[in-house]
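Trainee: Here is how the chains run, residue by residue.
2 protein chains.
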Amino acid sequence: MPFDQYVTRVNAKLDGYLSIQGSLTEAMRYSVLVGGKRFRPILTYCVASLFNTNQQSVDSSACSVEFIHAYSLIHDDLPAMDDDDIRHNQPACHKRFDEAQAILAGDGLQALAFEVLVNDPLLGSQMKIELLSTLTHAAFEMAEGQAIDLSIVSQTVDISVLENMHRKKTGALLSCAVDLGAITARCSKQDRNILRDFSQAIGLAYQIQDDVLDVEAPVGILGKNQHSDSDKNKPTYPSVIGLSESKQAYRALYEKASNDLNLLSVDAKSLQLLIEKLQTRSF
Amino acid sequence: MPFDQYVTRVNAKLDGYLSIQGSLTEAMRYSVLVGGKRFRPILTYCVASLFNTNQQSVDSSACSVEFIHAYSLIHDDLPAMDDDDIRHNQPACHKRFDEAQAILAGDGLQALAFEVLVNDPLLGSQMKIELLSTLTHAAFEMAEGQAIDLSIVSQTVDISVLENMHRKKTGALLSCAVDLGAITARCSKQDRNILRDFSQAIGLAYQIQDDVLDVEAPVGILGKNQHSDSDKNKPTYPSVIGLSESKQAYRALYEKASNDLNLLSVDAKSLQLLIEKLQTRSF
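If you read the protein sequences in the order shown, they are chains A and B.
Count along the first sequence starting at 1, add 67, and that's the number in the numbering used here.
Count along the second sequence starting at 1, add 67, and that's the number in the numbering used here.
These are computed hints drawn from the structure, not numbers from a lab.
Glycine residues also receive a C-beta, built at the ideal position from the N, C-alpha and C atoms.
Simulated coverage check for chain A against chain B, where a stretch passes if three residues somewhere in it have a Cβ under 8 Å from a Cβ of chain B:
id : stretch
1  : 83-92
2  : 141-149
3  : 161-171
4  : 192-199
5  : 210-223
Taking the hints into account, I'd like the entire structure generated from these sequences.
Mentor: The following block contains the structure:
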């Protein structure tokens with residue numbers, strides 16, 4: 068299983084990029100290095116590896132997508148946003164430091180995400196621009212998705228609104244993680260499109276599963292407060308279409324994602340394994 | 068005087084980039100378009116024009132640097148940061164909307180700043196990477212500068228701490244605005260270095276002058292609350308070295324900036340005019 072190796076690799080690279088002296092370093096290091104499944108970097112490395120791409124050329128992409136993810140968690144946890152005090156079983160950034168530092172650490176991480184890609188000496192300018200085009204757009208969509216999420220608190224919404232919100236809030240960056248791997252691998256346009264379908268399916272599946280786990284996971288497993296969505300009167304898949312229908316929905320999407328992979332011009336065993344792993348995750 | 072023309076031009080371009088449908092559009096448009104002197108875009112256009120560079124090729128740089136500036140003002144005004152309710156003589160973003168939307172509008176504007184540069188069809192990849200390298204680094208330094216600013220509230224600091232804070236918080240983005248113009252103009256390395264010296268001098272001069280205006284400007288002129296720094300127990304140039312010494316300091320820096328310009332290989336009349344205009348500004 069290469070996943071653990073990718074996690075070890077990306078953790079070392081993240082640590083390296085954060086080995087800078089500065090007034091925000093402590094809060095940024097805390098938020099990035101305290102924990103996290105590294106799902107997005109794993110996706111990027113996995114996709115690139117399908118096409119035998121050198122891991123070194125994927126490092127900056129894997130780190131940049133994780134920096135964007137980390138910044139979004141810091142800002143989402145703020146009192147004015149989701150008001151969550153626990154993240155990765157530790158105090159959220161604004162509790163460990165303060166709100167101002169949490170806002171700025173998030174701001175700094177967003178800038179750093181783009182900076183590490185821009186300055187990667189291993190990649191050519193044209194490729195960097197392609198990678199940055201995907202990443203900047205995903206980062207923008209993610210902020211929009213969070214705005215939709217906050218706007219529908221206590222609202223009755225139908226499933227299409229929820230799907231659009233998830234597509235932007237979580238799906239955009241997951242798809243981006245896959246796309247960064249595909250771009251670095253210089254795979255064919257056809258494979259890139261198939262991978263896009265795959266990523267959209269797992270992106271939505273992952274989020275519906277999150278909604279289900281928020282209801283069902285044993286206390287202490289999530290690494291954050293349970294029922295955090297329903298307690299905030301946020302509409303969720305279970306609250307809109309029911310729990311068992313939600314489970315059916317995410318399983319069907321994982322199956323679709325698996326079928327998408329079979330259309331690729333290369334063997335995608337590692338991504339199939341990843342889907343299996345995701346299906347059985349408990350957090 | 069080309070400055071008004073630059074302001075008109077950049078306002079139209081900013082408006083264009085913000086003509087997108089989305090959940091954050093209203094808050095982003097409000098914050099960017101409600102006001103602002105457009106000092107950074109003016110610098111970018113001015114510098115590029117010294118070398119007869121086509122204005123069209125500068126538009127995305129001018130807008131991106133203004134988007135970064137606008138996002139920083141939104142976040143700086145938040146209650147957890149400087150807690151300012153008035154900006155450009157209007158309610159600050161978090162007062163006109165709410166804190167969550169203000170955080171997200173700022174986040175979205177930072178992403179958009181990089182996105183417009185990445186996707187500019189008029190620029191080559193190599194140039195875009197050079198521009199983005201400058202901009203991402205300045206954005207990061209700016210967040211660090213704000214963190215230093217907050218960390219020295221109620222502290223007794225010496226002038227070198229204050230200077231370092233200003234160099235990052237305001238100076239980095241002003242220097243970047245100049246550098247973006249120089250890069251687009253493909254000017255010589257020597258001219259670029261001279262322009263860097265110039266920009267560092269006016270960056271610090273501008274900030275010291277801001278500190279002086281915060282004490283001296285007539286009520287209603289600043290477009291924000293007066294004495295906002297001293298009321299928050301923030302150390303300022305006047306509070307550390309005195310008012311008349313502060314005036315001397317910024318005038319000397321503007322003079323240095325003017326002398327720097329005389330070393331350029333091209334005539335810099337428009338930038339000399341800009342310095343004159345800055346020296347006599349009342350807000």
